Amino acid sequence: MRFNVLEHQLVPEHRLVAEEEADRVLKALKITRDQLPKIRKSDPVIQVLEKIEGPIEEGRIIRVTRVSGTAGVSEAYRLVIGR
Amino acid sequence: MMSSMRGVTKRIQSIKFALLSPDEIRRMSATKIITADTYDDDGFPIDMGLMDSHLGVIEPGLRCKTCGGKVDDCPGHFGHIDLAMPVIHVGYVKDIKKLLQATCRKCGRLLLTRQQAQEYMAEMEQVEELGGDVTEVGYVTKETAREAQKRQRCPHCGEEQGKVTLDKPTTFREDGHKLTPKEVRERLERIPNEDLRVLGMNPEVARPEWMVLTALLVPPVTVRPSITLESGDRSEDDLTHKLVDVLRINQRLRENRDAGAPQLIVEDLWELLQYHVTTYFDNQTSGIPPARHRSGRPLKTLVQRLKGKEGRFRSNLSGKRVNFSARTVISPDPILSINEVGVPVEAARELTVPVHVQAYNSEIVKQWVKRGPAPLGPLGEYAPGVNYVIRPDGRRIRVTDKNAEVVAEAVEIGYTVERQLVDGDIVLFNRQPSLHRMSMMAHEVRVMPHKTFRFNLAVCPPYNADFDGDEMNLHVLQSEEARAEARVLMRVQEHILSPRFGGPVIGGIHDHITGSFLLTYKESKFTREEVTFILSKIDIRDLPAPDVKKGGKEFWSGKALFSAILPKDLSMTFKSSIAPKGDIGLKELKEEDSLVVIKDGVVLSGTIDENGVGAFKGKILDKLARDYGPDAARVFIDKGTKMAIGAIMIRGFTTGIDDEDIPEEAKKQISDSLRTAIEKVEGLVDSYKRGELEQMPGRSLEETLEVEAMKILGRARDLAGQIAGKHLGIENSAVIMARSGARGSMLNLSQMAGSIGQQAVRGERLSRGYWNRTLPHFKKGDLGAEAKGFVKSSYKSGLHPTEYFFHAMGGREGLVDTAVRTSRSGYMQRRLINALEDLKVKEDGTVRNTADTIIQFKFGEDGVDPSRSVQGRAVDIDDILQEVLGEEPSWKERLREQEMASYGLTEKDMYVEISEEEVEVEEEEPPSEE
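Chains A and B, in that order, give the protein sequences. If you count the first sequence from 1, position 44 lands on 44 in my numbering, and the numbers rise without skipping. If you count the second sequence from 1, position 677 lands on 677 in my numbering, and the numbers rise without skipping.
In short, the hints are calculated from the structure, not lab data. Quantities reported herein were computed from a predicted structural model and do not represent experimental measurements. A couple of the hints might just be wrong.
[What the hints assert, rightly or not] Within a straight-line C-alpha distance of at most 20 Å, the following computed PhoX-like cross-link-like pairs (lysine-lysine) qualify: (1) 779(B) - 680(B); (2) 38(A) - 680(B); (3) 842(B) - 30(A); (4) 178(B) - 163(B); (5) 842(B) - 27(A); (6) 309(B) - 320(B).
Generate the whole structure from the sequences, applying the supplied hints.
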């Protein structure tokens with residue numbers, strides 16, 4: 001990998017959500033996994049996260065924490081999908 | 001019926017596209033078509049002709065020979081034409097080309113080794129398994145084909161491959177030799193099924209040879225009905241005409257071929273058949289002339305029926321025509337409430353509301369029906385009648401003066417009666433282009449004489465309407481649910497605050513602002529007669545106590561009058577728009593009477609102008625709508641309009657060319673200052689020519705000169721404006737309008753009275769035209785002010801010929817980019833709306849699409865609705881603190897807060913026009929209406 005995209009100014013913080021916590025998050029949002037926005041396994045961010053966390057299977061959830069102009073800090077979630 | 005439909009939602013899981021095989025075409029065909037004739041001498045369809053009665057019926061009374069149905073029962077049936085020779089289907093030439101290039105010319109196998117093919121197959125399956133959609137699978141097959149095309153020699157039989165090219169639109173060549181459709185078809189036939197799967201085709205439903213037609217499907221007559229003209233002549237549909245051509249050539253081709261005619265003739269006819277079949281599908285195929293009608297009009301064939309704005313999709317499926325709607329010219333009426341719309345009697349008589357007859361209303365409804373379709377009240381005024389009575393079995397009875405009594409007797413519970421509009425009915429009112437939700441709002445009807453729709457001027461900004469001939473549409477709601485929903489969600493008063501920036505989009509414009517200014521500026525005072533005149537327009541019966549007594553006469557201050565329409569507990573502080581620009585002290589503000597202080601509903605100081613009551617900027621409107629609710633805001637705007645109109649009528653208000661009169665002395669001053677500026681530019685040019693000009697960092701010498709010259713000339717114009725402005729006081733009508741924000745700007749005024757200034761194209765001084773000069777009036781290479789588009793004259797004094805030409809050059813650029821901008825932003829808007837149309841904010845604050853997947857976890861990331869927030873925050877803490885503690889922040893604090901919060905909005909921001917950064921010289925604009 002040539003450079004770590006997470007260190008780029010414009011890329012918000014991405015974190016892998018632990019499985020137990022993922023279930024809590026889904027419950028809180030009252031949704032199923034397939035209703036989450038998706039992120040590809042081939043996404044540069046996932047590649048970086050895999051370096052840190054080890055292999056990430058499809059179906060795992062990523063938390064994106066970004067600085068927001070309106071809300072200060074906002075959290076979003078992504079479902080990891082293949083390719 | 002309605003209730004059984006409710007709750008049944010279905011989701012399309014997949015759509016399969018396939019090719020029709022010749023077998024299938026013949027199987028679904030009701031009859032074979034062999035003759036190009038349509039009707040015989042008696043006007044009956046000829047058997048096996050294009051209008052064969054097996055294909056369906058279009059004439060009432062006749063029966064379909066296939067299904068036996070009558071006109072409305074029979075959907076129509078397909079027929080077919082057996083083509084003498086195969087022809088290529090234009091819609092598939094790209095796919096045919098791909099297949100020919102990717103497969104072997106001899107054995108028909110895919111030009112990949114078995115292993116490669118398997119790899120691609122595996123990749124495709126993987127994508128499918130992971131839920132990849134059609135486009136993603138498409139990428140893999142495209143890659144497969146590209147790889148296969150690279151190979152020169154067949155890996156299976158070793159055959160050297162030729163180069164297949166496509167001669168648009170339908171001719172294939174291999175190494176320059178023409179391939180006939182027949183040869184193409186034979187090649188496609190040779191491709192084995194398993195190789196097709198690798199290329200992403202399903203051979204069960206889409207064999208590639210079916211892309212070369214041997215049989216042509218003929219659409220039912222219901223798709224191409226013939227029209228009988230008044231003269232009794234029949235006029236056939238374009239599609240029928242085209243099919244006639246196909247049949248004729250097909251017949252000739254067959255005869256010639258069977259008679260053993262020379263190869264050349266057969267080939268010519270074959271190509272002609274190809275042409276006709278091609279244009280039958282798409283008459284705008286590039287590379288061939290479109291088939292034309294006898295009159296020279298190009299025929300509208302299959303693709304033309306579907307494509308574009310007038311095509312089936314955009315015109316008939318996405319857009320529909322409706323009943324119970326009206327359209328007419330609009331005109332203003334300041335007496336109407338912003339919630340109302342004036343509807344002409346003629347329109348009100350045609351537009352109806354369905355009323356269901358129940359026990360409680362059967363008597364009154366009978367009365368309505370009895371009055372007939374055009375009743376008048378006791379004073380000869382409009383009264384609602386009934387146009388139709390609908391029986392429970394669905395039959396409609398037209399009510400006329402003659403049958404009104406009889407029909408009224410028959411009306412009973414279970415009937416529906418279509419009643420004409422009455423005052424207070426709720427309708428939707430709309431002006432195109434409908435760019436935001438405020439383009440369609442609900443109004444209450446006021447039936448009025450004359451023939452235009454009328455509404456309050458404060459509602460012009462959201463519709464972007466003016467009265468130079470604009471027309472608007474009106475729709476009458478037909479169900480109780482729709483009316484309730486419109487009243488709660490769509491009424492004008494619910495849209496005073498815009499969801500785009502949280503400020504008011506409904507508010508005073510033009511004379512409304514001028515009127516408020518005249519009413520409240522400084523010590524404006526009014527006599528008893530004047531006050532009664534103004535207050536008579538609004539619902540105030542008792543005169544307030546007079547403010548001033550002078551020489552035994554009583555006077556009322558305008559500020560006190562204006563306070564009469566404010567809520568009794570309103571307190572706020574803000575700057576008027578007449579306030580001098582920049583950071584200024586309290587003294588200057590007070591001097592100009594431009595610090596508005598309202599305490600407990602009384603205007604203590606300040607002028608009410610655009611910053612108080614104007615659309616987009618009105619601070620009072622904003623606060624009222626937010627803190628006192630839409631009802632209070634509506635009442636304020638209604639009364640404010642009437643009061644402002646009253647005030648302006650007392651003084652009288654006009655502007656003319658003499659508003660820009662300035663003394664001779666000032667004119668001389670201006671021309672002197674302009675001359676010095678021009679000389680300065682000349683000095684610059686000289687030093688540039690001598691090479692003494694100091695270069696600016698990052699700029700070339702030429703650029704430096706241009707920048708400096710622009711700076712000097714820009715300043716010169718501003719100076720001229722200032723000199724002129726000194727002689728134009730606040731008592732000047734034009735100045736009142738510009739300063740109060742009613743219309744025009746000080747720049748417009750200085751261009752009228754002072755100097756127009758530098759003209760520019762693309763932000764640069766004019767330079768194009770002749771070789772090294774703009775016009776032959778100047779020397780080549782002249783870089784001076786006048787030679788490059790500086791206009792010394794003012795609009796009032798008139799322009800010199802060269803100046804006039806330069807001004808036209810600058811003006812043209814403005815016209816061109818408004819035209820370009822509107823078309824481009826329209827297209828962008830269309831695409832945005834198509835992408836976002838199914839998104840919805842759900843009860844939990846998430847934004848989701850119709851599949852219920854989340855698009856945004858919280859609306860706007862903070863879940864705050866701008867039109868219900870204070871400067872983007874859910875609550876205004878300062879305001880609450882002030883209210884609770886009773887502490888007043890200093891005026892300066894209050895103002896600073898507002899400055900931070902105001903987004904610098906202008907009327908221009910409203911519309912899609914993207915306001916570009918205006919370069920100093922560019923902002924010149926003639927003071928005329930658009």
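Quick rundown of the hints versus the structure:
1. A distance of roughly 19 Å separates the Cα atoms of residue 779(B) and residue 680(B); the hinted pair therefore holds under the 20 Å criterion.
2. The suggested pairing of residue 38(A) with residue 680(B) is violated, with an alpha-carbon distance near 64 Å, which exceeds 20 Å.
3. Among the hinted pairs, residue 842(B) with residue 30(A) is consistent with the structure: their alpha-carbon atoms are about 12 Å apart, no more than 20 Å.
4. At most 20 Å may separate the alpha-carbon atoms for a hinted pair to count; residue 178(B) and residue 163(B) meet this at roughly 12 Å.
5. Using a Cα cut-off of 20 Å, the hinted pair residue 842(B) and residue 27(A) holds, with the two alpha carbons roughly 17 Å apart.
6. Note on residue 309(B) and residue 320(B): the hinted pairing holds, with a Cα-Cα distance of about 13 Å set against a maximum of 20 Å.
The structure shown violates just one earlier hint, number 2.
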